[in-house]
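Q: Each chain is listed here by its residues.
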Amino acid sequence: MAINLTSYSGLRAATFVRISVTDYRTTPTGSYTPTVLTFSDHNTAFTIDSDTYTPLGNLLGISDTSSELRQTNQDINITLSGIPDANLGEVLYSKLKGSEVQIYRAYFTQAGAQIGSTQGRWKGTVNNYNIDEEYEVLQTTATNTVQINCISSHNLLARKVAGLKTNPNSIKTYSASDTSFDRVPSLIGSQFDFGVQR
Amino acid sequence: MSFIDTLGGLVKGVGGFLRSNSLGSNLAKSALYGFALNKVLKSIQKDQDANQAKDQGTQVSVNPDPKNSVPVVYGTAYTSGIITDAHMANNNTTLWVCLTLSEKTGNKIGGTPSIINFNEVYYNGFRLDFKADGITVDKAYDDSGNSTDKFSGLIQVYPFNDGSLNPTTFTTESTGNSSNAYDIMPSWSSTDRMDQLVFAIVKINYNARSRITQVGDFKFKLTNTMSQPGDVLFDYMTNTRYGAGIPQAEINV
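Chain order of the listed sequences is V and R.
Counting in this note's numbering, the first sequence runs from 1 upward without gaps.
Counting in this note's numbering, the second sequence runs from 1 upward without gaps.
In short, the hints are calculated from the structure, not lab data.
Each hint should be verified, as a subset may be incorrect.
[What the hints assert, rightly or not] The calculated lysine-lysine pairs, modelled on BS3-like cross-linking and capped at a C-alpha distance of 30 Å, are:
(1) R:67 / V:172
(2) R:221 / V:172
(3) R:108 / V:165
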């Protein structure tokens, strides 16, 4: 649903990122728990669907996407800057790849009041990530930048190959102990003497 | 007068009788010709029977491909299926074949399960009709509606519409198969479940006169109760087995 912004002399836009990590942990040996990570480039904490988005301001960057009427297969990069070493474990030890990513956008007046409702902007899956370290020699500290590469659901579906093939491995992915196709490999090239009585 | 002289006289008498043009002579000649012709025909038939007994059968190659994808049938479709198993039995005169026809489709948008029905089966272009058991072929019909008995009793078709535990019946028949697939197909056991598959087990008896010497071309007419475009799209989007696997919660229906 479109928001009519023509009556406003000035406005601010904020982006909200929601990453649903199924296998999340902060230590190398801890157990995995499902966790939802939420953050935004807004200046104050903001709640969408009962999830509170931590304000990161300029520390969060999201690459541009083109706004199209049709579903696009455009990938997107989320950059999280200024992450101290102590918090890097969340990225290193959690299974971030494959996590579901949702990005919302909301508009605010200069005074900070939201205009209209929150809009869904992009949806996809974490495809890859990389970490850049910035070491401060004088202070002997390091801050890190985490870039999360996300692939859109559209692209993911376009690459997906589904369906059952007539071989033993394929049917066992759906029904582990099903032996129905076990004889297919041995039948390849084999011949039957049909009608030859012995 | 010796016996030989008597016999010689008799032969001469018969020869003379046959050479004459009397009515009795002509009738006797016709009878003799008929007898001789009958002997010749019987001799030919005997040779043919001997050749039949020497029938060397044929080499049958089923050659399944492990890269074949199992089709998904929506609405009404004719499909030949994919051979996924074959077994020779009964002294090489009976060939069992498993033809995998379709994936079993999911629920409609309203939650009603879809059902795939077997309507008809064709063999080498002939539509097959069944005996009272709903399994054994009786008559076969060509495109013009002419019937033949040449496949009668030689082919049996056992349809299943949701794995080995769900035998079904052709919609044209009042009765049909009620046994599990692994109780029918030789060499199968309870682990041959054909999970969520629509398939048919076919029993073919060799018969050279009826030209049943190969697996032949089977074609099944299937009708899926899921035929509305919305239901089909929904199924294809949500099915985790052959579809996109999109969670239902993310689809606004």
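Q: Work down the list of hints and note, for each, if the structure agrees.
A: Verification of the supplied hints:
1. R:67 / V:172: holds, 15 Å
2. R:221 / V:172: holds, 28 Å
3. R:108 / V:165: Judged against 30 Å, a Cα distance of about 24 Å means the pair holds.
Checked against the numbered hints listed earlier, the structure breaks none of them; every hint is satisfied.
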